[in-house]
Amino acid sequence: MAKLAQLFKKDLVTNFGPEKMLPDLKFAEMEPGWDCGGGTYRVTKEEVEKFARLMGDPNTGQTNVPIGMIYIFGLRICWDRKVFIDQAVRAGDKITFYKPAKVGDTITTKLSIADKKEVKKEKEGKVSINKFLSINMNATNQNGEKITDIQMSFLLPKTMQ
Amino acid sequence: MAVIGDTLESKSLAVTQELINEYAHICGDYNTLHVDVEGMKNHPIFGGTIAHGTINVEPVLQAICAIQRTTWPKEGTTIDLQFRAPVKPGDTITSKLVVKDKKTEGGKNILVCDMLITNDKGTDCVKGSAETVPD
Numbered sequence: 216m217a218k219l220a221q222l223f224k225k226d227l228v229t230n231f232g233p234e235k236m237l238p239d240l241k242f243a244e245m246e247p248g249w250d251c252g253g254g255t256y257r258v259t260k261e262e263v264e265k266f267a268r269l270m271g272d273p274n275t276g277q278t279n280v281p282i283g284m285i286y287i288f289g290l291r292i293c294w295d296r297k298v299f300i301d302q303a304v305r306a307g308d309k310i311t312f313y314k315p316a317k318v319g320d321t322i323t324t325k326l327s328i329a330d331k332k333e334v335k336k337e338k339e340g341k342v343s344i345n346k347f348l349s350i351n352m353n354a355t356n357q358n359g360e361k362i363t364d365i366q367m368s369f370l371l372p373k374t375m376q
Numbered sequence: 061m062a063v064i065g066d067t068l069e070s071k072s073l074a075v076t077q078e079l080i081n082e083y084a085h086i087c088g089d090y091n092t093l094h095v096d097v098e099g100m101k102n103h104p105i106f107g108g109t110i111a112h113g114t115i116n117v118e119p120v121l122q123a124i125c126a127i128q129r130t131t132w133p134k135e136g137t138t139i140d141l142q143f144r145a146p147v148k149p150g151d152t153i154t155s156k157l158v159v160k161d162k163k164t165e166g167g168k169n170i171l172v173c174d175m176l177i178t179n180d181k182g183t184d185c186v187k188g189s190a191e192t193v194p195d
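Respectively, the protein sequence lines represent chains A and B.
Reading the first sequence from the start, the letters are residues 216 to 376 in my numbering.
Reading the second sequence from the start, the letters are residues 61 to 195 in my numbering.
The shape of chain A in the complex, shown without the other chains (with noise of 0.2 Å):
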């Protein structure tokens, strides 16, 4: 892949977790609750600009951190912390918005494993299981107040034991 051109660079403040990581565990191990890790970022005026325009977003020159920065540093987070396992599909998202997060805040995400289940499909004569994953993604501010819980769901490989 040719290298791309780059408006970002983004460091984590901190990345943080248990050795043991989910891709480590097998389906039948994965129990809601398990810490997945997470990790701390500061949201600059500059990168806030440059998302805006990136994403064709009327608000810019604003205070507030635009709901999708803190989508996408929570999936720079989950990919750190090998959350997504390899072939997985994204299923579908459930979001609550609670405080606003403010150009300057120290954000921290967790991430754990909110459910899992198998669903039994019926196609053809043939009975094949999907399993799904969900996984938690709660933000905080540096005061403790909650930004977002995103809950993600997964379609995990066929692949996986």
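A couple of the hints might just be wrong.
Unchecked claim - Simulated crosslink set (DSSO-like; lysine-lysine; CA at most 30 Å straight-line):
#1 Lys168/B to Lys325/A
#2 Lys361/A to Lys163/B
#3 Lys373/A to Lys314/A
#4 Lys187/B to Lys168/B
#5 Lys148/B to Lys373/A
#6 Lys156/B to Lys265/A
#7 Lys341/A to Lys241/A
Just so you know, the hints here were simulated from the structure itself, not pulled from any lab data.
Guided by the hints, dock chain B onto chain A, whose structure is given.
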């Protein structure tokens, strides 16, 4: 004040490979599905690169802020969505929120809406519901 059946303000986003690439830099997701243009050309399902799922959600995030006249959704706002079809470079995606119910919770009036994000070919890319606090 919105009534049941009303279609609320919508927002659109033109998705390009350049946008997808830049998004990959920010979130660290360089999955070949999103950024390997040559490699994905003959993909049996997608036939080309697709956008990160959270790019697909951006129009409804912006729409809710516009509806509420704010830059961050008011406390109590929720979105429940399912990804239904991939968004590809060249697609323009547009949100649609239609009021299906109204309720009062914690002293707040809440509009319960059906939510769709469709591309310019008429495909439903994201589907679900949203609860928004009016302005």
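Exercise for review: Just pull the numbers of the violated hints for me, sorted ascending.
Suggested key: Number 3 - this is the single hint that the structure violates.
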